[in-house]
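Student: Sequence:
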Amino acid sequence: MLKRIICLVSLLMACSFADDIIATTSNGSTVILHDNGRWEYYQNNAKIRDVRPTAIPEDAKYEISIKYESVDRIKKDVRMAMEADFATEEEIKDSLRKVPKGGVVYFQVPTSQIKKGFVRELIYSIYDTGKNPIFTQKSSDDQATASEDRGVSNLMVVPIYARPKAKVMKAKVVSETGRQTLEFDIPVK
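So the number in the numbering used here is just where the residue sits in the sequence shown, counting from 1, plus 1253.
Take these hints with a grain of salt, some might be off.
[Claimed, not checked] Within a straight-line C-alpha distance of at most 25 Å, the following computed PhoX-like cross-link-like pairs (lysine-lysine) qualify:
| no. | residue 1 | residue 2 |
| --- | --- | --- |
| 1 | K1384 | K1423 |
| 2 | K1442 | K1351 |
| 3 | K1425 | K1346 |
| 4 | K1384 | K1346 |
| 5 | K1425 | K1354 |
| 6 | K1391 | K1423 |
| 7 | K1320 | K1354 |
[To be verified] Label pairs and their computed distance ranges (CB to CB):
| no. | residue 1 | residue 2 | range |
| --- | --- | --- | --- |
| 8 | Q1390 | R1291 | 41 to 51 Å |
| 9 | T1341 | A1419 | 48 to 58 Å |
| 10 | A1419 | G1290 | 39 to 49 Å |
| 11 | S1365 | L1286 | 44 to 54 Å |
| 12 | I1327 | L1286 | 46 to 56 Å |
| 13 | F1371 | G1290 | 32 to 42 Å |
| 14 | S1279 | K1391 | 44 to 54 Å |
| 15 | E1401 | T1278 | 51 to 61 Å |
| 16 | P1353 | L1286 | 45 to 55 Å |
Because the hints were derived from the structure by calculation, they are not lab data.
Ideal placement from N, C-alpha and C gives every residue a C-beta, glycine not left out.
Hey, can you work out the whole structure from these sequences and the hints?
Tutor: Structure follows, in structure tokens:
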């Protein structure tokens, strides 16, 4: 009877603590053993950290997106706003000359992810063609500003003063503290 109770308790403990396990095979490969019997190769085989989404703390997750506004769209919006204010054609043309020729790139994040006291230092870069960026700037997320979209903040607003040479520009966001890098393609319309 005592053996049955010990076996039952052991079985219940094994079931209650069942979780994914990171293991090393005999050939040195690192795999993830899932509690349902399935296994897969460990994606980051450097044996340094657990890269599964469940292993990343909620505070470390950060969802950055890119929004591109073309020069034609900006000019249309400026013209409509100024016509609504009954501006003269000369004033409208003067304002349209100040619109960046390449449009504007917005680095955005959901406002709910910006936490006071937990500041992230990020480096923003934009590449047109070639290996050298046409824009690079470091900024913290506590300097984010509200965008026109509800629940979204602009981390960085970048006017592109020259017409892009490529049909797809590249953007990169680098976190110095965590050494994480996000790369984006920006289709130029």
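Student: Where does the structure disagree with the numbered hints, that is, which hint numbers, in rising order?
Tutor: Violated hints: 3, 4, 9 and 11; rest satisfied.
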